[in-house]
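Make a model of the complete structure from these sequences and hints.
Here are the chains, one letter per residue:
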Amino acid sequence: MAEKVGRRAFLQGLGMAGAGLALAACAVPATNTEEPGAAPIHLTLWGWWQPRMDVYDGVAQQWAEQRDGYTIEVLAISSRMEKIASALEANTHPDLFKMGEEFFPMRREGLLLEFPEEIFPASWYEETYPTVDWDVYGRYVIPTGVSSTLLVYNRTMFEEVGLDPDVPPVSWDDFLVAAEATTTRDAGGITRCGVVPADEWRAYNQVLQLGGNVVDASSGQVQATFDSEESIAGFKYIADLNLVHDVWDKDFPWNGEAVGTGLACMTEEQAWIVGELRATFPDIYPHLGFAPPPTPAGAPDPLYGYKSTVLSVSAFKGKEEHYDAVYDFLKYLYVDAGTEAYWALAQMISIAPVRAELLSDPRLQEDAGLALAAQVLALEHDPVEPPPELGRVYGDAFFRMLNEGMAAEEAMAMANQEAQLLFDQGLGAEMV
Amino acid sequence: MQNVTAADLTPRRVAPMGRGGTLSLSFNYLVLTLGAITMLAPFLWMISTAFKPQSEWITFPPALLPQDPTWANFVTAIERLDIYRLYGNTLFIAITKSALNIYVSSLAGYVFGKFDFRYKDFLFYLILATWIIPFEVYMIPLYLMVVQQGMADSWWALFIPEMSSAYAIFMFRQFMFTIPNALIDAGRIDGASEWYIWHRLVLPLSVPVLATLSVFYFMWNYNDFMWPLIVLVSPKKYVLSIGLADFLGENGSFHGLIMAGATMASIPIMVVFLFLQRHITQGIVLTGMK
Amino acid sequence: MLARLGLGGRVPLSGLQKTQRNFVLTVLIPTMAFFALYRIFPVGYAFFISLHDWRLLRDDQFFIGVNNYQTIVQDPIFWRSIGNAFYYTLGATLGGVTLSLILTLLINPIRSGSLVFRLIYFLPQMTSGVAVLLAWNWLLQPRFGLINQALVSVGLERINFLGSTTLAMPTLIMMAIWGGLGFTMVILLAGLRGIPLEYYESARIDGGTRWHLARWITIPLMKPVLTFVVVTGIIGGFNVFGVIYILTGGGPLNATMTISYYIFQNAFQRRFVGLASAMAFVMFAIVLLMTVAQLRITRENWEI
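The listed protein sequences correspond, in order, to chains S, L and P. Residue numbering for the first sequence follows my numbering, starting at 1 and increasing by one per position. Residue numbering for the second sequence follows my numbering, starting at 433 and increasing by one per position. Residue numbering for the third sequence follows my numbering, starting at 723 and increasing by one per position.
All clues given are correct.
Pairwise CB distance ranges, derived in the manner of DEER restraints: (1) P:V838 to L:G520: 30 to 38 Å; (2) P:K945 to L:P636: 31 to 39 Å; (3) L:I699 to S:E127: 55 to 63 Å; (4) L:F707 to S:G100: 40 to 48 Å; (5) P:L889 to S:T191: 22 to 30 Å; (6) L:P485 to P:L837: 33 to 41 Å; (7) L:G684 to S:R185: 20 to 28 Å; (8) P:K945 to L:Q714: 21 to 29 Å; (9) S:E200 to L:F707: 46 to 54 Å; (10) L:P640 to S:M81: 43 to 51 Å.
Not close to chain P: a few residues of chain S, all C-beta gaps over 10 Å, as computed: (11) L243; (12) S360; (13) L372; (14) E430; (15) V432.
Since the hints were made in silico from the structure, they are not lab data. The beta-carbon is built from N, C-alpha and C at its ideal position, and this holds for glycine as well.
This is the structure:
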């Protein structure tokens, strides 16, 4: 008898607990539900680097103002790559995403929404983007433009040490002379670097300039070639700026900040650095000059370095109720308002536009940075899809050479193994 | 502690020292002062940099004080960091999460401490055993559950999985041994309901352990990092810790700005804690000594 | 049977007064449901996931038995990350307790200014942990940080604290010690004040030096308190994450890769949750072993 009561009380309690937990679980989605039709549709667009996202925000808010019931929020989130996987799994992701190197893996895994053919017919694409290969990007993203490698140098510092600021270095030897001349030192070591190399894909330009590459895709399968003669020589050239020539202190800040604060005279970087320097370091910017990257013999034989196609916004699958608004926004961004926004973006980060209307735009010739970019681009290599993880391989190779004193051959052999491991996992499958 | 003597309660008249006498106290002061400078240096350097304009962030040699102090970093940081929202979110989450956890856990602690029934110890040790499960083990399933229950990117995902905790139950159960059974029995004889006894007789006597747990949980929840980083997606819902980490990522070259953000994130809470420091100290001692 | 094992009370639940029984059930059932759902079930679920090639954002997951465990056993970075977690935990705990003990012994006899010192040492506890990390990051900047400029000005070599494979981990340990000193000191000070003065009096009459007093009276009598801070320090230190995430990202060359960060990276950056769950289980096994060892060591001193 007593046992029976106990069981009933037990079940009673269990029911209460279940109800409590169920209530807790149910109460939750209820707070997040958006009534379709009644409530406004709110879109989110994630990217990084505030000045650029401000340009996107301008277009986005115009779009929202012209429509009833739509709002859009544009955010610069530096930890977006850490968050996006868990957000997609939970369907709490942003609708739109400014794309970087992550585009190809995301497309391969079927995470991206294909733009509707009615809005973006193949004929429109061919007319608007005559130079871009439609097959590479599919109907999933549209390129903003193509970014080239440039040499950035401080004209005022050149003058101070007796170099002609109108004659920037064109060969590796000139470059070393200029770097040595502009380096200043005191008892504690270097106080101003002649050069601070790029953090990302460091020495990739030099490898290409020597006629080599870090991968070989000729067999149809991507093979790492970090241990090739040209790769080793290219990496060694950059490492020697620190180890042999002492014109670069590796403990200085990253290249944009170093040049922007006058702690370095030169760097070689993708053209986005122009926008970064203009937006973040307005005091130094007027002193800067831009030129094609120096090459071993002073002429691009075969190349100046690498270029990369800068991608704009993709849309994610998952929130069906937002699709119509997303398509409408993409149409506004890419077709209706696109030209001017793309001009603003192109100018801001000095990337050569690829839209037909802009290719013939007279403003293109007036902007010195863009004119230079157009000149260099034809002689640069587009690797298409370097996986983000490959950046670590570059970084570790340099760490071993600069901090651990490892010989270039040995460090590059290790880098080759690590890179091959990534390619074996299927990363960078489109790389060339 | 086994031997509580009068010396614990009265100020110490004689310092426990060997030969060497009071003179060597100056050595104590010297070492402690050097230590104190080390403790303060990061904060002072942070505040000093926060007031420097961009041209003074990096100088040879470094200037300890700003030559041309400015509020500009704070103004920009308040806007970009959305600091008031972060304060509000963080305080609300830390307080709600702590209060919910402590209340729910204290009930269980009371039941385990003051009632006798079959399987009691088994259930208690079962709960206690969950204490040693590293968060990393249940983090991934918990995340998938949170997703499935529709709590992702909402504060529920912070509250619900921390509604109760083995540690708080354990602490409360231990404390219950100091409350006389006669008190509870007297309440029952007077015809008070079990809930009345709990709320009106037991809980008021439990203030010391409640205070300890409140302070601890508030401190832990205030600095919680990994789980909010995983579940919170919208910046509007961020807490201070992940908001600051993102702020560093977006503004890496703006050293003064970063330091202004760090100053605003640390100094106000420091002031609040200064007022509470007696309670904190007592709380720590209570856990440590038990 | 449970009763015979000494695991259960003697009175069946139904033997309680009805009102008491209802109270107990109302409290206990939600509590047990909570622990079952949010603590115990996830452990089983995690094990289930660890037996799969399970990826976030993929609809189908594949059962692969113990393959994930075989993968991680052969992964040198995994073992490195376990080793690093031990390095960090032991360094921060033992270093912190030793330094706290010294400072406590120094602060105990002084009267004026004691509170000020204790407050200053406690400051890092009273603030946002991330803000403190940002401050350290700036202080330790390899070229322009205050510390390196100070080193140069007195004629020493610069040190790239966080950018060196040998020094990055000790630097993080130093930060942890700096942050935890005040907390440990409060506990140790309370323990110290619990030692009866008479012990010192008689020892002094016997002519003990300061070192003798510390060695033969203070430290033995503080053993329970010291054990407590060591045990809690080790439990708390093993899953270090935030400092790695913000300051080093596990680098350089995995020198600061800890198990917690490696699991996070595999689960939420690479999206290999199956693999990450297997790692978490190996970590669990290690933590269990550590806990058993600690219980053995501490049983005599520190009763649960």
